[in-house]
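Visitor: Sequence:
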Amino acid sequence: MQAFKGKVAVITGAASGIGRALAEKCVDQGMQVVLADIDEANLAQVESLLKSAGAEVLAVPTDVSRREQVEHLAARTLEAFGRVHLLFNNAGVAAGGAPWEATWHDWEWVIGVNLWGVIHGVKVFTPLMLAQDEECHIVNTSSTAGLITGGGSAPYVATKHAVVALSESLYAAFQQRKALVKVSVLCPGMVRTNIDQVEIHRPAELKNEPVPLTPAMQAGLAAFKAALAAGMPPAQVADAVFDAIREERFY
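Numbering (the working numbering), first residue to last: 13 to 263.
Mixed in with the good hints there might be a few duds.
Computed beta-carbon distance windows for the label pairs [what the hints assert, rightly or not]:
1. 191 <-> 222: 23 to 31 Å
2. 112 <-> 60: 43 to 51 Å
3. 63 <-> 94: 13 to 21 Å
Keep in mind that the hints were calculated from the coordinates and are not lab data. Nothing here was measured: the structure is a model prediction, and the numbers come from that model. Where a beta carbon is used, it is the ideal one built from N, C-alpha and C, also for glycine.
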């Protein structure tokens, strides 16, 4: 896909970080944009800022872990703009430690958002995009944690590996069918986002019992926050994503 003006993009996790940067990039390219996020306050703020700059945007509060909400997102998109050309399955959360130490709630929450969120996006939007019979592109956000492993945040690592595999399967299926829909998987390293603050959006039924932080846990959290602060600007990631879409690069 080379031309973006007048086309429609749907972005999950659009209220901050990479998602917000993608939204701003889409607007800069002259696209109509649907913003989806569970963070309703920041979502409304981003919508207002983009509209004040003259953009055609629609904000749809969405919990991507729930299929019916993603189906509602698709319905609102078609109702407002009639089509969808770019889909960014970008929403993500992080929680948990070693595989046996991550709680059941950690596993359920992270799998629900990071993996089921992408599955829902693919299952709901792909048939719509195929039926349009025009150039479209799906970008699934994984992570470098989807390519390498470590001892921390097992739920995050497991889901991000799964997103890579799901995206590879989708790529192969599109190739076999000679589809006009393309797919890329985004695997960023440290990016200047607020992923360290996503806990506030964890559903009440999946919250863990509070536990005191040990000195080692506090040091690890401080190091993670410092790494985030020194990470790549989200706008730079958005530029790289659009380069990949133009060049039809999968990874």
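Visitor: Now, for every hint given, state plainly whether the structure supports it.
Guide: Hints versus structure:
1. Evaluation of the 23 to 31 Å hint for residue 191 and residue 222 yields a failure: the beta carbon distance comes to about 48 Å.
2. Roughly 45 Å separates the CB atoms of residue 112 and residue 60, a value that falls within the hinted 43 to 51 Å.
3. Checked against the given bound of 13 to 21 Å, the beta carbons of residue 63 and residue 94, roughly 19 Å apart, stay inside it.
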